[in-house]
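Spelled out, the chains give:
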Amino acid sequence: MQWFLDASTTGHKLALMVVAILLFAAVMGAILFAVDRPRRVPNWVVAAGFLGPTVLLLLVGLVYPALDTIRGSFYSRDGSEFVGLDNYATVFTTDSFQTVLLNTLLWVVLVPLVTTGLGLVYAYLVDRTRFESLAKALVFLPMAISMVGAGVIWKFVYEYRPDQPGVRQIGLLNQLLVLLGIEPQQFLLNAPSNTFWLIVVMIWIQAGFAMTVLSAAIKAIPDDIVEAARLDGVGGIQMFRYVTVPSIRPALVVVLTTVAIVTLKVFDIVRTMTGGQFGTSVVANEFYTQAFRQFNVGLGAALAVLLFVLVIPIIAYNVRQLRLAEEIR
Amino acid sequence: MTTTTPVMAPVPVDERRLTRAERRAVAARTKFSSPAASVIALVIAVLWTVPTLGLLITSFRPELDIRRSGWWTVFTDPTFTLDNYNEVLYGGGTNFASLFVNSLVITLPAVVIPITLALLAAYAFAWIDFPGRNVLFVAVFALQVVPIQVTLIPLLSIYVDTGLAGSFWTIWLSHSIFALPLAVFLLHNFMKEIPASLVEAARMDGAGHVKIFFQVLLPLLTPAIAAFGVFQFLWVWNDLLVALTFAGGAPDVVPLTVRVAELAGTRGSDWYLLAAGAFVSIVLPLVVFLGLQRYFVRGLLAGSVKG
Numbered sequence: 001m002q003w004f005l006d007a008s009t010t011g012h013k014l015a016l017m018v019v020a021i022l023l024f025a026a027v028m029g030a031i032l033f034a035v036d037r038p039r040r041v042p043n044w045v046v047a048a049g050f051l052g053p054t055v056l057l058l059l060v061g062l063v064y065p066a067l068d069t070i071r072g073s074f075y076s077r078d079g080s081e082f083v084g085l086d087n088y089a090t091v092f093t094t095d096s097f098q099t100v101l102l103n104t105l106l107w108v109v110l111v112p113l114v115t116t117g118l119g120l121v122y123a124y125l126v127d128r129t130r131f132e133s134l135a136k137a138l139v140f141l142p143m144a145i146s147m148v149g150a151g152v153i154w155k156f157v158y159e160y161r162p163d164q165p166g167v168r169q170i171g172l173l174n175q176l177l178v179l180l181g182i183e184p185q186q187f188l189l190n191a192p193s194n195t196f197w198l199i200v201v202m203i204w205i206q207a208g209f210a211m212t213v214l215s216a217a218i219k220a221i222p223d224d225i226v227e228a229a230r231l232d233g234v235g236g237i238q239m240f241r242y243v244t245v246p247s248i249r250p251a252l253v254v255v256l257t258t259v260a261i262v263t264l265k266v267f268d269i270v271r272t273m274t275g276g277q278f279g280t281s282v283v284a285n286e287f288y289t290q291a292f293r294q295f296n297v298g299l300g301a302a303l304a305v306l307l308f309v310l311v312i313p314i315i316a317y318n319v320r321q322l323r324l325a326e327e328i329r
Numbered sequence: 001m002t003t004t005t006p007v008m009a010p011v012p013v014d015e016r017r018l019t020r021a022e023r024r025a026v027a028a029r030t031k032f033s034s035p036a037a038s039v040i041a042l043v044i045a046v047l048w049t050v051p052t053l054g055l056l057i058t059s060f061r062p063e064l065d066i067r068r069s070g071w072w073t074v075f076t077d078p079t080f081t082l083d084n085y086n087e088v089l090y091g092g093g094t095n096f097a098s099l100f101v102n103s104l105v106i107t108l109p110a111v112v113i114p115i116t117l118a119l120l121a122a123y124a125f126a127w128i129d130f131p132g133r134n135v136l137f138v139a140v141f142a143l144q145v146v147p148i149q150v151t152l153i154p155l156l157s158i159y160v161d162t163g164l165a166g167s168f169w170t171i172w173l174s175h176s177i178f179a180l181p182l183a184v185f186l187l188h189n190f191m192k193e194i195p196a197s198l199v200e201a202a203r204m205d206g207a208g209h210v211k212i213f214f215q216v217l218l219p220l221l222t223p224a225i226a227a228f229g230v231f232q233f234l235w236v237w238n239d240l241l242v243a244l245t246f247a248g249g250a251p252d253v254v255p256l257t258v259r260v261a262e263l264a265g266t267r268g269s270d271w272y273l274l275a276a277g278a279f280v281s282i283v284l285p286l287v288v289f290l291g292l293q294r295y296f297v298r299g300l301l302a303g304s305v306k307g
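Chains as they are written, first to last, in our numbering: chain P, 1 to 329; chain Y, 1 to 307.
Rather than coming from a laboratory, the hints here were simulated on the basis of the structure.
Fair warning: there could be bad hints in the mix.
[Unchecked claim] Some chain P residues judged to face chain Y by a derived CB distance under 10 Å, without partners named:
| no. | residue |
| --- | --- |
| 1 | T129 |
| 2 | A137 |
| 3 | L307 |
[Said to hold, decoys possible] Simulated DEER-style distance windows between Cβ atoms:
| no. | chain 1 | residue 1 | chain 2 | residue 2 | range |
| --- | --- | --- | --- | --- | --- |
| 4 | P | L23 | Y | T49 | 40 to 50 Å |
| 5 | Y | D161 | P | V41 | 40 to 50 Å |
| 6 | Y | T79 | P | P222 | 20 to 30 Å |
| 7 | P | L324 | Y | T49 | 34 to 44 Å |
| 8 | P | R293 | Y | L198 | 21 to 31 Å |
| 9 | P | S80 | Y | F80 | 27 to 37 Å |
| 10 | Y | R67 | P | R320 | 52 to 62 Å |
| 11 | Y | S38 | P | A89 | 35 to 45 Å |
| 12 | Y | L198 | P | A89 | 17 to 27 Å |
| 13 | P | D36 | Y | L198 | 34 to 44 Å |
| 14 | P | V41 | Y | L198 | 35 to 45 Å |
From the three backbone atoms N, C-alpha and C, an ideal C-beta is built for every residue, glycine too.
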């Protein structure tokens, strides 16, 4: 049994990985073999064989934990005592948590708007130009980079060296400031502007997603619409404003809401770049800190539930807009 | 016979009917004639490339140089070394080579298991008629809204109670569970696009569900599987939260992301380690991504992203 739990050498780890995959294949194979008796077993038995493992995992790993977390959010830090809404009261009334909420609001408003705007403008500008695929690849690439990696990349851009003779800046942004004759800044330490510098990183990561989806939507605009507008003398910015944007409205809503949801749960960037210090924490980071660093399980649960509750209206809006779009069609 | 039927005279360009692509190209050219537009596009492209390039160059510079001057000085005074990579991969304090193995061991099962489960579930939802099918499908679909944060605390206590805590199993299981709602939804969409006549024909020939699944549907679904595979690979390899929660204290299990994030906190000014370490963690997803970009875009357009 111990062999399955503690793997410390490379060979052991790889072997364990192969064994895990084979074990999974064997179990699934056995289940499928058991239900594969054409015409002799009712459909629901076959369905249970195909669906059983998935439903079981979702019940144990998603439904039960979610309910248990909601329950836990009404209990004290070690879960021993019922405290009602105290945890939520703490989140909404304490000064430090109000900063966290305000930061989260800034993220959720700014990141989707700027990301979608940039992605849209860029997709429109490079659409059907000679260097389209290269231009898109450059903006798309950060999507493959982890948020941790992106955090390190940008931390280096923001790197600060004291402004003394003989000391040269090694961060790009401060070097630019020095070239312009401005004093170098501690970008990640000075609140409240440091939150904006973190937001830049998220925009940098997400713009590729926005661009890809919107670019596909722009390409799907029927030629005759564009042609008719051109014959009417519409061009340049007016074309963008009155033809392109209204035609791709459903795609815009999808991008805005998707980015908003991802942003709401942003954790890695804050964790990597500031650890949530200097007034930069957001709800998802504070959840981790409270639940797994401060061991205040009740408060952590309340923050997780808060995330859950905040996601719902965004998704509801998305579903509603998609319904409307389908009705128009 | 002095005159023959005239050879087709070349039609003047402006009178020839332009193809769709050509008309679009002309439109694009007029759009780009505005210098402001080109400048904006160029500025965005540069902003999106230079930060990564800066850290990449830094990762190949000697430690002392990194401390004394910015990476842009390599253009006038190029000195490069592989020492940083050597140190970060095999040095006692970092040992990223073994973390790379951890990341790999975490990722492969966490991609294979949920895709297999989701394929089977999607098949059942699409092609097996059973009572309560629609209700169950909507329920699985709706589970996409649950943020993983909501599940972490109870999941950790389940893992502790069952003795799994701190092993690869916790991470494999967790990633598989979190991937399922989106995977079932996406693969179900792809599966519904396959013509029902194909499935009916196989059924007429006496094939059972298992046979239909493996012999008729699976070969047709390869692009969809690739699309979600790339997706899930990037998601698991790049994940920090799940790994930190379930393996944060287990050095034999932690993946690269956890240690890179930790280094950024504890040795934030050791850029020779951080730069090289970051690129060790970035390189594989970058290669996979560039190689399979086509599938990734397809998956992206099919169902937006997971979070």
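Pairwise beta carbon distance, R67(Y) to R320(P), judged against the given window 52 to 62 Å: The hint (52 to 62 Å, Cβ to Cβ) holds, given that R67(Y) and R320(P) are roughly 55 Å apart.
Could you check if A137(P) really has its C-beta closer than 10 Å to a C-beta on chain Y? Given a least distance of 8 Å, the restraint on A137(P) holds.
Quick check on a hinted range of 34 to 44 Å for D36(P) and L198(Y), using CB atoms only. Since the Cβ atoms of D36(P) and L198(Y) sit about 19 Å apart, the hinted range of 34 to 44 Å is violated.
Check the following: the C-beta atoms of T79(Y) and P222(P) are separated by a distance inside 20 to 30 Å. This hint is violated: roughly 56 Å between Cβ atoms.
Falls inside 40 to 50 Å, the C-beta gap from D161(Y) to V41(P)? For D161(Y) and V41(P) the Cβ distance comes to about 35 Å; the hint is violated.
Using the Cβ atoms, figure out if L23(P) sits within 40 to 50 Å of T49(Y). Hint holds: Cβ distance 44 Å, inside 40 to 50 Å.
C-beta pair R293(P), L198(Y): status relative to the range 21 to 31 Å that was hinted: violated, 54 Å
35 to 45 Å as the expected CB spacing between L198(Y) and V41(P), which holds or is violated: 23 Å Cβ-Cβ, so the 35 to 45 Å window is violated.
Look at the Cβ atoms of L324(P) and T49(Y) and judge whether their distance stays inside 34 to 44 Å. For T49(Y) against L324(P), whose Cβ atoms are near 38 Å apart, the range 34 to 44 Å holds.
Quick check: does the Cβ-Cβ distance between S80(P) and F80(Y) fall within 27 to 37 Å? violated, 59 Å
With 10 Å as the cut and Cβ atoms as the points, is T129(P) at the interface with chain Y? holds, 5 Å
Tell me if the beta carbons of L198(Y) and A89(P) are separated by a distance inside 17 to 27 Å. Since L198(Y) and A89(P) have Cβ atoms about 59 Å apart, the given range 17 to 27 Å is violated.
Hint check: violations occur at hints 5, 6, 8, 9, 11, 12, 13 and 14; the rest are consistent with the structure.
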